[in-house]
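Trainee: What follows is each chain in one-letter form.
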Amino acid sequence: MIGEVLVECAHMSCAYNSTLAIKSIDLTIRKGDFVGIVGPSGSGKTTLLKAILGSITPVEGHITKKPHLRMGYVPQVETVDWNFPVTVLEVVVMTRSSVGRLPRVTKDERADALLVLERLGLGGLENRHIRELSGGQQQRVFVARALFHRPELLVLDEPTSGVDVRTRHEVLHLLADLHDEGVSIILSTHDLNGLAAHLPRLVCLNLEIIADGSPVDVMTPEILERTFGAPMEVLVHGGMPVVVDGVGADIAERMSRLA
Amino acid sequence: MIHVIAGLTTPFRYQFFNNGIIVATIAGALCGLLGVFVVLRGMSYIGHGLSHAVFGGAAASAVMNVNYFVGAGVWGIASGVIIGRIARRRLIGADAAIGVVTTASFALGLALLNRYGQAKKSIEAVLFGSVLGVKTIDIVAVSAVAILSVVIIVALYRAFLFATFDPEVAQVSGVRVAWIEALLMGLLSLTILVTMRVIGTLLISALLVIPASIARMLTNSFARMLWISPIIGGVSAFVGMYLSYFLDTSASATIILTGTLMFIVVYAVTGIRGRTRISGLHHI
Numbered sequence: 001m002i003g004e005v006l007v008e009c010a011h012m013s014c015a016y017n018s019t020l021a022i023k024s025i026d027l028t029i030r031k032g033d034f035v036g037i038v039g040p041s042g043s044g045k046t047t048l049l050k051a052i053l054g055s056i057t058p059v060e061g062h063i064t065k066k067p068h069l070r071m072g073y074v075p076q077v078e079t080v081d082w083n084f085p086v087t088v089l090e091v092v093v094m095t096r097s098s099v100g101r102l103p104r105v106t107k108d109e110r111a112d113a114l115l116v117l118e119r120l121g122l123g124g125l126e127n128r129h130i131r132e133l134s135g136g137q138q139q140r141v142f143v144a145r146a147l148f149h150r151p152e153l154l155v156l157d158e159p160t161s162g163v164d165v166r167t168r169h170e171v172l173h174l175l176a177d178l179h180d181e182g183v184s185i186i187l188s189t190h191d192l193n194g195l196a197a198h199l200p201r202l203v204c205l206n207l208e209i210i211a212d213g214s215p216v217d218v219m220t221p222e223i224l225e226r227t228f229g230a231p232m233e234v235l236v237h238g239g240m241p242v243v244v245d246g247v248g249a250d251i252a253e254r255m256s257r258l259a
Numbered sequence: 001m002i003h004v005i006a007g008l009t010t011p012f013r014y015q016f017f018n019n020g021i022i023v024a025t026i027a028g029a030l031c032g033l034l035g036v037f038v039v040l041r042g043m044s045y046i047g048h049g050l051s052h053a054v055f056g057g058a059a060a061s062a063v064m065n066v067n068y069f070v071g072a073g074v075w076g077i078a079s080g081v082i083i084g085r086i087a088r089r090r091l092i093g094a095d096a097a098i099g100v101v102t103t104a105s106f107a108l109g110l111a112l113l114n115r116y117g118q119a120k121k122s123i124e125a126v127l128f129g130s131v132l133g134v135k136t137i138d139i140v141a142v143s144a145v146a147i148l149s150v151v152i153i154v155a156l157y158r159a160f161l162f163a164t165f166d167p168e169v170a171q172v173s174g175v176r177v178a179w180i181e182a183l184l185m186g187l188l189s190l191t192i193l194v195t196m197r198v199i200g201t202l203l204i205s206a207l208l209v210i211p212a213s214i215a216r217m218l219t220n221s222f223a224r225m226l227w228i229s230p231i232i233g234g235v236s237a238f239v240g241m242y243l244s245y246f247l248d249t250s251a252s253a254t255i256i257l258t259g260t261l262m263f264i265v266v267y268a269v270t271g272i273r274g275r276t277r278i279s280g281l282h283h284i
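Chains as they are written, first to last, in the working numbering: chain A, 1 to 259; chain B, 1 to 284.
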C-alpha cells in the first residue's frame with residue numbers, strides 16, 4: 001500500500017546568494033519511507049534537508065508538505081557545543097519552547113521525556129551533562145529531543161559522521177526500530193557501506209538527483225561515479241552491495257613498491 | 001568597637017554613595033544575568049564593542065542637548081541590532097565589522113565631546129564611570145531594565161536556551177531565533193546604557209564576562225548559571241563599591257578587581273573541573 005505523501009519537491013532549486021546548491025529536484029517522501037540521501041561533500045544533501053525542514057526557501061519550483069506535518073531534526077553531532085551547560089533532560093525538553101516556556105519542567109513533560117529516554121536506552125542519565133555521555137548516547141540524546149514532540153518525519157543530517165563502528169551500529173538499529181514503530185525517516189550520509197547500503201531507498205545527489213531507488217539498483221559503478229565524481233567498484237556480499245574505492249588497487253600497487 | 005562599626009558604616013552616611021552602591025549592585029546583577037548569554041554565545045567582543053558604540057550615542061545626546069537615555073538609548077539599541085545582524089549573517093568577518101562599527105561610533109563620540117562638550121570631565125566620567133553623578137533616575141532606570149530583563153528571560157526561558165544552544169534546530173522547531181537575538185541585543189544595549197554612568201564604557205564588558213565565567217566554573221546547568229551569575233555580579237559590585245570608598249580608588253576599577261579576585265579564587269578552588277568547563281567558552 002502506498003503511504004500518504006508527507007513532502008513533495010517539484011522542480012525545486014535552492015541557492016546561497018546566487019550559487020545553486022540543488023537544482024530541479026523532484027522528490028516525494030511518503031509515510032513509512034526510510035530514505036537516505038547520498039552524495040559527496042558539497043553535493044547539496046544538507047541543503048535538501050533544510051529545504052524540507054523549511055529553513056531554506058526554494059528559488060525555483062516548490063515544496064509542499066502535509067498540513068501541520070510534525071518533523072523532528074537531528075543535526076550533525078559535530079556541530080553541537082558539548083561544553084554548553086545543559087543536562088540530558090534539558091536538551092530533550094527544550095523543543096517545547098513554544099508550549100512550556102518557563103524554566104520549570106512540568107511533571108507531565110518530565111514523565112514524557114523520561115519515557116522517550118527510557119525507550120532509547122538512556123534511562124537514568126537524565127541529570128547527566130551531555131559531555132559525560134558516550135558517542136552513541138550523545139547521538140541518541142539528540143534523537144530523543146527530535147522524538148519528544150512525536151514527529152511523523154524524522155530528519156537526520158549525517159547521523160553516523162564522526163562516530164565509531166559500534167556507535168554506527170547502535171544508530172542504525174535505533175533508526176530501524178523507530179521506522180518499525182511507524183516513524184518515517186530521511187537522512188543524509190556519505191557513508192555508503194556503513195549506512196546507505198542498509199537502507200531500503202537511496203537518493204544519489206550531486207546538485208541534481210542522479211538516481212532514486214533501492215541500494216541494489218542505484219549502487220552501481222556508473223551511478224556512483226556520476227554522483228561522487230570518482231571511479232568506484234561495487235561487489236556483492238550477502239546480497240548487499242559493497243563499494244570499493246576504484247583507485248584502491250592502483251594505490252596498493254604503488255605502496256607495495258615502496259615496501 | 002563602636003568606633004570600628006561607625007567607621008565601617010561611614011560611606012552609607014552619604015546619599016551619593018548610597019545611590020551609587022544601589023545602582024552598582026543592581027547593575028552588577030543585571031550584567032551577571034545577561035553575561036550568561038554573552039559568555040555562552042561567544043559575544044564578549046560584541047559586549048565590549050556595544051559599550052563603545054553607546055559612548056557615541058551618549059556624546060551625541062550631550063552635544064545635541066537630548067536626554068541621555070533617549071539619545072544614547074536609540075543609538076545603542078540601533079547599534080546592538082546592527083551588530084547582532086552582522087554577527088549572525090557573517091556578511092563580512094564579524095570581528096572586523098564590529099570593530100569598525102563600534103570604534104567609529106566611539107571615535108565620533110570623542111570628536112563631538114572634544115569639539116563641543118566639556119571635554120575632559122565628560123569623557124572621563126563616561127569612560128571610567130562616576131558615582132558622583134548618580135541620581136534617582138539612574139536607580140529607577142537600572143531597576144526597570146533589571147525587572148524587564150528578568151521577566152523576559154523567565155517568560156521566554158526555553159526559547160532563549162534553545163536559540164543559544166542550537167540556533168539552527170531552534171529555528172526549525174518554531175523558535176523565532178532572529179527575534180530572540182534582537183531582543184537579547186536590545187536588552188544588552190539597555191543594560192549598557194543604564195549601567196555605563198557608574199561602571200564606565202571601558203570596564204563594563206568585564207562585568208558582563210567575569211560573573212558568568214565564574215558561574216560556568218561552578219555549575220554545569222544553564223538554569224543555575226542564570227541565578228549564580230547575577231548573585232556573583234551583585235556581590236562583586238557591592239563589595240567593590242564599598243572597598244573603593246576606603247581604598248580611595250575608582251569604583252568601577254575596584255568592582256572589576258573584586259570580580260577578578262573572585263574569578264581567581266574559584267579558578268583555583270574548582271581545579272581541573274572548573275578549567276575544563278570554561279575552556280570551551282569562546283572569546284573569553
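The set of hints was computed from the structure by calculation and includes no laboratory data.
Careful: at least some of the hints might be erroneous.
Unchecked claim - To give a feel for the contact side, a few chain A residues facing chain B, derived at Cβ under 8 Å:
#1 34
#2 53
#3 56
#4 57
#5 73
#6 75
#7 76
#8 83
#9 85
#10 90
#11 94
#12 95
Note that CB positions come from ideal geometry on N, CA and C, so glycine has one too.
Trainee: Now tell me if each hint is right for this structure.
Mentor: How the hints compare with the structure:
With its C-beta approaching chain B no nearer than about 20 Å, residue 34(A) sits outside the 8 Å limit, and its interface hint is violated. Checking residue 53(A) against chain B by beta carbon gives a least distance of about 5 Å; that is within 8 Å, so the hint holds. Contact between residue 56(A) and chain B, as hinted, is not supported at the beta carbon level, the nearest pair being about 10 Å apart and thus beyond 8 Å. Residue-level restraint check for residue 57(A) is violated (minimum Cβ-Cβ distance to chain B is 13 Å; threshold 8 Å).
The beta carbon of residue 73(A) is positioned within 8 Å of a beta carbon in chain B (closest approach about 5 Å), and the interface hint is therefore held. Taking 8 Å as the C-beta cut-off, the interface hint given for residue 75(A) holds, the closest approach to chain B being about 6 Å. Proximity of residue 76(A) to chain B is violated relative to the hint, the smallest CB-CB distance being about 10 Å (cut-off 8 Å). Contact between residue 83(A) and chain B, as hinted, is supported at the beta carbon level, the nearest pair being about 3 Å apart and thus within 8 Å.
Because the smallest distance between the Cβ of residue 85(A) and any Cβ of chain B comes to about 5 Å, under 8 Å, the interface hint for this residue holds. Hint on residue 90(A) holds. Least Cβ distance to chain B is approximately 7 Å, under the 8 Å limit. The criterion of a C-beta within 8 Å of any C-beta in chain B is met by residue 94(A), whose closest approach is roughly 5 Å, and the hint holds. For residue 95(A), the suggested interface contact is upheld, since its CB lies about 5 Å from the closest CB of chain B, less than 8 Å.
Hints 1, 3, 4, 7 from the earlier list are contradicted by this structure; the remaining hints agree with it.
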